[in-house]
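Chain residues, written in single-letter form:
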Amino acid sequence: MKVKVLCRNPDDYVRETTRDIQRVPRNYDPTLHPFEVPREYTRAMNATKLERVFAKPFVAALDGHRDAVNCMAKHPTSLSTLLSGSCDGEVKVWNLPTKKCVRTLQAHEGFVRGMCARFCGTSFFTVGDDKTIKQWKMEAPGYGEEEEPLNMILGRTELLASCASDRSIILYDMREATPLQKVIMNMRSNTLCWNPMEAYIFTCANEDYHLYTYDMRQLSMPIVMHSDHVSAVLDVDYSPTGKEFVSASFDKTIRIFPEKKSHSREVYHTKRMQHVICVKWSLDNKYIVTGSDEMNIRLWKANASEKLGLSAEVKALHQLEPKLTTREKQAQNYSQKLKQKFQHHPQIRRITRHRHLPREIYSQRKELHVMKEARRRKELNVRKHSKPGSIPYVSEKKKHVVAVVD
Amino acid sequence: MMTSAVGVVFVGREEKKKKKTTSKMADAMGSKPAETHVGKEKRKSATKRYWQNTELNDPVKTEDRNHEKDSENHETSENKTERKKKRKHGPQGKKFISGKKDPFPGPAPVPEEKIRKFQRGQTSIVANDMFSDGSEILKSTLKDAEETSKLATEKAARFDLLLSEDAGFLEADEGEETCTIAQDDIADAVDITSGTKYFNLSLTQFGPYRLDYTRNGRHLLLGGRRGHVSCFDWHSKQLMCEINVMETVNDVKWLHSEAMFAVAQKKWLYIYDNTGIELHCIRRFNDVLRMQFLPYHFLLATASATGFLQYLDVSVGKQVAATCTKAGRLDVMAQNPYNAIIHLGHPTGVVTLWSPNQREPLVKMLCHRGGVRSIAVDKTGTYMVTSGLDRKLKVFDIRAFRPLQSYFLPAGASCLSLSQRGLLSACTGDIVQVYKDVWGTPVKKPYMAHRVRGAVWGAQFCPFEDVLGIGHGEGFTSMIVPGAGEPNFDGLDSNPYRSVKQRQEWEVKALLEKIQPELISLDPDQLCKVDRATWEQRHQERVKQLGYDPLAKEKFTPRHKGKGRSSSGNIEKRKRQVAHEDQRELIRQTVEEKLAKEKEIKEKEKKKAQQGQRSALDRFKK
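Quick mapping for you: the protein sequence lines, in order, are chains V and U. Under the numbering used here, read the first sequence as residues 1 to 406, first letter to last. Under the numbering used here, read the second sequence as residues 1 to 622, first letter to last.
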């Protein structure tokens, strides 16, 4: 007789000392792990719910301006610096981590219309309603020095820009005297932002509540029409990855759109935030800064449920606990994958899409929907009662482009 | 499992990257000229070792030597690192510096059946070109997903080769049958620890006994018909509690862990903790005869003498469903561990399958000519074994619902139980027989047999052990059945050696991923399959459910107009106008279709006519 009976030595399965970690022998045999799919689904559901629970996007508000914030600029080399110009001609330089204003300049009389920093970060330019362009040093003046512009250009207000004015978007080539191309749309475009990763793609924020993403090589029809806002869109800025962009609107909200999707994935609003005039996406892809009508600058998280804190490297440098341990990171990746796997299941989709909106926006959206439906119905009826083929089908995207001029 | 699957994927990717970089390095090394000073130096260093260095007389010389040696050492160390690099990617480098070939180049091959064990669902959808007209992005995503899943499968299969324990077995000598080998002989033949797994508990006062093992096989719960309930850690034989409930005990069952158990008593269902303290008396569950616990759903399913099948959610303490089966006394019950469906056996010979979501049985199978005595379902959810009063033991494929095998046992069988590795125990009176592979080729003789002292009342294989627990009239017998248990357990799922802390952590995790009872269905993977029901089909279902068609055109009701324009004649006229309009559309369509058809026919005729005018030379055309 030959016999063998299962006999395990407990020493192989139990830790040796209490300071040791527990031993966890694994066996991936699928028959030992029944209900794989329902359990994964439950996990995905939990992850989705937790994401909504932890969605607290608002970080800080910076107040100090004495008029509406009209424009902002990012510092090209320092993540913690932000420049903002207001409607009374004042420019402020902010330190974001301390949430304090570092410098205040009376730059112009009237509006500060635009500003940008030099790529090296040593100085910045401002444009004002007083028909001047001024160049400023980035650092504050030393003791006894007087604050004055480095350079001043007096002249006309037309600037070399790549876009925007009377219902049209104009593309210039800097090396040539004449503009390249021009698109005329139904309504005026307010701002335009180039995709930092795909150089031929840009998105413009239009007065007709929509945003349009164009391919520069084919301006006759936008690639995507982004609609969700219920009022004019005033500003747009791309994330440094080029995958998403944020838009600021007159309807007192900002929305984050994936670049290729026609509807937003996120909407931010607060009770006190009025018409949002300018918006910027920070260069570390983590924050969004908005400047609004009621003189405040607000800092938001780009990913509402993200865990904030110092990065692991910085913490290691100061011998603090890192933001995310490896296990946390793994768990996060895993739940991310699960959410993606089950994203189309109705329950999960409903939870991920659910947002609370102010009543005006909610009702306005409904109203817009009714109007759109009516327009569609009318077109249908007209088509029905006219000669077949006489009224062509025009895609919604194409309707908003009036003409392309070479 | 799933967690690990993703983890495995990541590891795999990293490894891939590493491979790439190393292969680049290999190229760089390959491009080096064949004669390098490194090679020469190596030969020199190979001849001289420190223990061979015997000339240490002249101090000056030795100093020089030392210098030389230093430089040599430096060189050799470089050499070593290079060699290491080369060895790391043996297959690319092909030959080691020693000139020998690697006899086993590349990673060890994984047997095909191991890979098949870990495969899930269909593969190579992209290769089948089902999506030939689909978008490129979709195609590439599918391809990526397929590749990752393939990688994960292979990794899991490779990990399977490293499992530490092997399953038990029993082989008889020539001219001997395994079923004649006595338990005492086996206990003598095996090691002492395994030998102690054969034991008898003589409990003559309160029998016969029902029993239940916990999911990790560590703890045992005994319930005597006359009220004796006790639970203990049967590895260490440590008693946890022993009580007498002073009532008839119909069945006992552990809940999700060894902290709590349920006892079906004469009238109501009780829940005790492992020190014997009564936690709950659940009066909504009366006259319970049999119980089953669904561990992933945290549901306790009970079958009662009044014909009710009830589900209790033990995590929140609520009754999830109560179904009147209308089939009288329910004393035969089993669960399908693959899909959490409850199987009930009835005196009419019918086996019914139940889920908490439906008030009627999912399936009704006529299995026996007499009443059903016992049911067992295997862990893959493929086979069901039933025994009946017609003294037959039958095996069914419950995916296709068809019989596979039928055996005739002279005395019939009760208390069927299937082990993790597919052994079947069947009890006839006081004899316990264990069969091997009943669903394969027809079995002639039992694998093992054992006689206990009283009539058997309950039998269950212990998970992860080669042990069959038998509760009978005179107490309890633990019988050694080599090859019954799964040798390698999963520490995150059910770990017999877990500490209290580990158990608590597991409890929290398990509760978090408790599956909702609504998800119980015959196919548990349905949730991740594509719903191919067409829109029309769904619409038809909806119409059936609602009783009307929500998308149907509204019937035209003419608006009331003032100033005498809404006379009945006028209204009728307007109605007719609308009807005409609708009809016109229809007529237009049919006319268009007709015209198109006529055109087609004409063209065909034309072609025919052309073919009709064939020249004499056409016959040579081919």
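Derived from the structure by calculation, the hints contain no laboratory data. A quick note: this is a predicted structure, and the numbers were derived from the prediction, not measured. Some hints here could point you the wrong way.
[Said to hold, decoys possible] Chain V regions said to be covered by chain U (calculated; three or more residues, Cβ under 8 angstroms):
#	region
1	11 to 23
2	35 to 49
[What the hints assert, rightly or not] Listed below are the simulated DSBU-like cross-link pairs for lysine-lysine, each with C-alpha atoms no more than 30 angstroms apart in a straight line:
#	chain 1	residue 1	chain 2	residue 2
3	V	286	V	100
4	U	143	V	261
5	U	143	V	384
6	U	143	V	339
Note that CB positions come from ideal geometry on N, CA and C, so glycine has one too.
Please verify the coverage claim for the region 11 to 23 of chain V: does it have three or more residues whose C-beta sits within 8 angstroms of some C-beta in chain U? holds (count 5)
Are the Cα positions of residue 143/U and residue 339/V separated by 30 angstroms at most? 20 angstroms, holds
Taken at face value, is the distance from the CA of residue 100/V to the CA of residue 286/V at most 30 angstroms? 19 angstroms, holds
Taking 30 angstroms as the top limit, are the C-alpha atoms of residue 143/U and residue 261/V close enough? Status holds; Cα separation ~23 angstroms.
Straight-line alpha-carbon gap residue 143/U to residue 384/V, limit 30 angstroms: Since the Cα atoms of residue 143/U and residue 384/V sit roughly 45 angstroms apart, the hinted pair is violated (cutoff 30 angstroms).
Do three or more residues of the region 35 to 49 of chain V come closer than 8 angstroms to chain U, measuring C-beta to C-beta? Coverage by chain U holds here, the residue count being 10 at a Cβ distance below 8 angstroms.
Violated hints amount to a single one, hint 5; each of the other numbered hints is respected by the structure.
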